[in-house]
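**Q** Here the protein sequences line up with chains A and B, keeping their order.
Counting from 0, one number per residue, gives the positions in the first sequence under numbering that gives the first Met the number 0.
Counting from 0, one number per residue, gives the positions in the second sequence under numbering that gives the first Met the number 0.
One or more hints might be untrue.
25 Å max Cα-Cα, derived SDA-like pairs, lysine to any residue [unchecked claim]:
(1) B:Lys36 / A:Glu75
(2) B:Lys36 / A:Arg71
(3) B:Lys36 / A:Gly61
(4) B:Lys36 / A:Arg63
(5) B:Lys36 / A:Arg127
(6) B:Lys36 / A:Ala64
(7) B:Lys1 / A:Arg128
(8) B:Lys36 / A:Glu67
(9) B:Lys36 / A:Ala80
(10) B:Lys36 / A:His73
(11) B:Lys36 / A:Tyr129
(12) B:Lys36 / A:Leu74
(13) B:Lys1 / A:Glu67
(14) B:Lys1 / A:Arg130
(15) B:Lys1 / A:Gln126
(16) B:Lys1 / A:Arg124
(17) B:Lys1 / A:Arg70
Hints were generated in silico from the structure; no laboratory data involved.
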Amino acid sequence: MSEIASRPVSRSFPLSAVLFLLTYLAARIGIEVFPPGSPLRVASALLPVAPFGWFLVDMVRGVRALDELQRRIHLEALAFAFLVFMLVMMTLGLLELAIQLPPEDLAYRHVWALMPLLYYFGMWRAQRRYR
Amino acid sequence: MKNRLRELREERRWSQVELAERLEVSRQTIHALETGKYDPSLPLAFRIARLFGMAIEVIFDDGEAPPRAERTSARR
Chain A
0 MSEIASRPVS RSFPLSAVLF LLTYLAARIG IEVFPPGSPL RVASALLPVA
50 PFGWFLVDMV RGVRALDELQ RRIHLEALAF AFLVFMLVMM TLGLLELAIQ
100 LPPEDLAYRH VWALMPLLYY FGMWRAQRRY R
Chain B
0 MKNRLRELRE ERRWSQVELA ERLEVSRQTI HALETGKYDP SLPLAFRIAR
50 LFGMAIEVIF DDGEAPPRAE RTSARR
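Construct all of the structure, not just a fragment, from the sequences and the given hints.
**A** Set out below in structure tokens:
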């Protein structure tokens, strides 16, 4: 099979993504475990930053290695995810002004996870067009 | 845009994967090109033309240019 045809977004992509998710979970646990004001609590919150940097470099390298159609699919997915996420953030912001929204349910730590979901939905949508 | 990619590939008995390898693109791209769902960039169109040893307009037809024979007779 063609190397490009079978190439994932990046060779180390799953590893960097898994490491990022593990450090995110560790950060959530660290924040629960360490008392407020503790430097370890702050360190826990910043724990996923470095693995995310690796994940980011991996993603960019992977996209650069793709062929032109696959890049177009990613571009369409990103445009879709970016704009829908913008709509969600804007609507939540306006609703926040209009009514009392539960801060626990709509905190940044929950809303950010919507972005990769929208991105993958956008990928699925764009892939379907070229199938 | 219409193209003769499938016809030219099948003449050479290449699979989509083989053609993808020769052009250094994914099999999905070959499929999208053959079904007319995607038009290649100019560099890829040149690579395709070079691989088959033909001019780009022999492989790709945007439906606007007059047939080659017509153009040749017009030049005379």
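**Q** A separate judgement is required for each hint: does it hold in the structure or not?
**A** Structure-based check of all given hints:
1. B:Lys36 / A:Glu75: At roughly 15 Å apart (the allowed maximum being 25 Å), glutamate 75 (chain A) and lysine 36 (chain B) satisfy the hint.
2. B:Lys36 / A:Arg71: Judged against 25 Å, a Cα distance of about 13 Å means the pair holds.
3. B:Lys36 / A:Gly61: Given that 25 Å is the threshold and the Cα spacing comes to 24 Å, the pair holds.
4. B:Lys36 / A:Arg63: Holds: lysine 36 (chain B) and arginine 63 (chain A) sit about 22 Å apart, inside 25 Å.
5. B:Lys36 / A:Arg127: Holds - the C-alpha atoms of arginine 127 (chain A) and lysine 36 (chain B) are around 11 Å apart, at most 25 Å.
6. B:Lys36 / A:Ala64: Given that 25 Å is the threshold and the Cα spacing comes to 22 Å, the pair holds.
7. B:Lys1 / A:Arg128: Roughly 17 Å between the alpha carbons, so the hint for lysine 1 (chain B) and arginine 128 (chain A) holds.
8. B:Lys36 / A:Glu67: Satisfied, since the Cα-Cα distance of roughly 13 Å is no more than 25 Å.
9. B:Lys36 / A:Ala80: Holds, at roughly 23 Å.
10. B:Lys36 / A:His73: Holds. Lysine 36 (chain B) to histidine 73 (chain A) sits at ~16 Å (cutoff 25 Å).
11. B:Lys36 / A:Tyr129: This hinted pair holds, its Cα atoms lying about 6 Å apart.
12. B:Lys36 / A:Leu74: Given that 25 Å is the threshold and the Cα spacing comes to 17 Å, the pair holds.
13. B:Lys1 / A:Glu67: 19 Å, holds
14. B:Lys1 / A:Arg130: Within the cut-off at roughly 17 Å; holds.
15. B:Lys1 / A:Gln126: Measuring from Cα to Cα gives roughly 21 Å; hence the hint holds.
16. B:Lys1 / A:Arg124: 24 Å, holds
17. B:Lys1 / A:Arg70: Distance ~22 Å between lysine 1 (chain B) and arginine 70 (chain A) Cα, so the pair holds.
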